[in-house]
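S.K.: Add 242 to the 1-based position in the sequence shown for my numbering, that's all there is to it.
The set of hints was computed from the structure by calculation and includes no laboratory data. Since the model is a prediction, treat every value here as computed from it, not as a measurement. There's no promise every hint is true.
Unchecked claim - Calculated pairs, BS3-like style, for lysine-lysine (alpha carbon to alpha carbon, straight line, at most 27 Å):
#: 1; residue 1: K327; residue 2: K305
#: 2; residue 1: K305; residue 2: K292
#: 3; residue 1: K315; residue 2: K305
Said to hold, decoys possible - Simulated restraints on C-beta separations:
#: 4; residue 1: L462; residue 2: S538; range: 23 to 31 Å
#: 5; residue 1: D535; residue 2: N414; range: 34 to 42 Å
#: 6; residue 1: S469; residue 2: S320; range: 49 to 57 Å
#: 7; residue 1: Y548; residue 2: G454; range: 17 to 25 Å
#: 8; residue 1: F359; residue 2: L462; range: 32 to 40 Å
#: 9; residue 1: P379; residue 2: E523; range: 42 to 50 Å
#: 10; residue 1: E435; residue 2: N395; range: 16 to 24 Å
#: 11; residue 1: N433; residue 2: P563; range: 36 to 44 Å
#: 12; residue 1: E287; residue 2: T559; range: 52 to 60 Å
#: 13; residue 1: D535; residue 2: N514; range: 23 to 31 Å
Think of the CB as a built atom: it goes at the ideal place given N, C-alpha and C, for glycine as much as any other residue.
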Amino acid sequence: MRGVAAEEGPFPPILSRPLPSRGGAGIPAAARSGSAGVGRQAGREMAAQKINEALEHIAKAEKYLKTGFLKWKPDYDSAATEYGKAAVAFKNAKQFDQAREACLREAEAHENNKALFHAAKAYEQAGMMLKEMQRLPEAVQLIEKASMMYLENGTPDTAAIALERAGKLIENVSPEKAVQLYQQAASVFENEERLRQALEMLGKASRLLVRGRRLDEAALSLQKEKSIYKEIENYPTCYKKTIAQVLVHLHRNDYVAAERCVRESYSIPGFNGSEDCAALEQLLEGYDQQDQDQVSEVCNLPLFKYMDNDYAKLGLTLVVPGGGIKKKSPNTAQDKTRGPATVGSHADEEEDEYSGGLC
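Work the whole structure out from these sequences, hints included.
M.R.: Listed below in structure tokens is the structure:
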């Protein structure tokens with residue numbers, strides 16, 4: 243059995259100093275440090291045991307890889323198994339960097355054995371170890387590598403799932419990278435004709451684009467979503483995507499594109515005459531007339547308020563051009579310039595009109 247101190251190379255000794263004694267001066271450890279201290283001590287002992295176990299698996303793996311006079315070819319399969327066991331033991335001991343190294347060695351052994359699927363799994367596990375260490379960009383790189391190997395192996399569904407997992411990891415750190423990963427996953431799902439999964443990925447990408455105010459790209463992403471929903475005949479969702487599109491276009495100050503979007507949606511069965519269509523027509527009318535009150539009233543309808551948060555915020559923050567000043571009709575403007583006297587003169591005119599009686 244190889245001890246911890248004897249191990250060299252990429253797996254340096256973990257326990258460089260002896261574990262503290264549980265006894266001391268005739269006083270039991272439990273009495274001195276309490277149950278919490280006993281728990282910590284037990285945890286350290288368990289970690290040490292797992293580390294030694296991992297190092298034993300590493301030693302076995304290296305033995306399988308050695309060649310000699312009677313053994314011309316390394317046993318990559320057995321070595322990969324041992325590296326995998328070592329990775330699990332290191333992970334249980336919370337030695338994530340060494341677990342990552344063991345996973346990478348496992349992946350290399352599987353690659354040498356032409357087992358691409360298992361190699362990809364090992365790369366993905368190495369990425370998850372980096373996630374535990376909060377090294378997210380590096381984790382995503384390894385998971386992307388795994389997804390490419392899944393595709394090469396002919397398992398595209400697993401590749402797409404790996405890309406989605408990478409997107410979730412990096413979403414809060416680098417939304418731009420997450421969008422790219424979700425779009426790649428959507429493309430893989432679409433090629434496999436798994437359209438519902440593709441739509442889920444596109445939806446995540448669209449919302450992130452809106453959140454990041456990348457509105458030109460968001461408009462294209464929403465159009466892609468809408469086309470697929472139309473293809474699978476999910477027409478009510480098409481209506482909702484039309485609302486999201488119009489809000490994006492109006493935030494881009496592109497009234498023409500918003501109007502064209504509504505006009506093209508008349509070809510979707512059931513859209514013309516739906517409450518979605520009526521609300522959008524009111525919204526466009528208010529925006530065109532610079533009527534902020536009408537725009538705000540429409541955007542506060544439940545139809546808008548209960549959309550996904552990113553789209554609902556677009557509605558609540560929509561301001562018409564010209565600073566949101568309500569456009570008045572010419573007659574109303576004239577009446578205002580005349581002042582209070584016009585009210586009396588208007589009343590006099592009514593009296594004159596009927597002063598001679600109905601005949």
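S.K.: Does each hint fit the structure? Answer for all of them.
M.R.: Here is how each hint holds up against the structure:
no.: 1; hint: K327 - K305; result: 15 Å, holds
no.: 2; hint: K305 - K292; result: 20 Å, holds
no.: 3; hint: K315 - K305; result: 12 Å, holds
no.: 4; hint: L462 - S538: 23 to 31 Å; result: 28 Å, holds
no.: 5; hint: D535 - N414: 34 to 42 Å; result: 37 Å, holds
no.: 6; hint: S469 - S320: 49 to 57 Å; result: 51 Å, holds
no.: 7; hint: Y548 - G454: 17 to 25 Å; result: 23 Å, holds
no.: 8; hint: F359 - L462: 32 to 40 Å; result: 34 Å, holds
no.: 9; hint: P379 - E523: 42 to 50 Å; result: 46 Å, holds
no.: 10; hint: E435 - N395: 16 to 24 Å; result: 19 Å, holds
no.: 11; hint: N433 - P563: 36 to 44 Å; result: 42 Å, holds
no.: 12; hint: E287 - T559: 52 to 60 Å; result: 57 Å, holds
no.: 13; hint: D535 - N514: 23 to 31 Å; result: 26 Å, holds
Violated hints are absent here; each numbered hint is respected by the structure.
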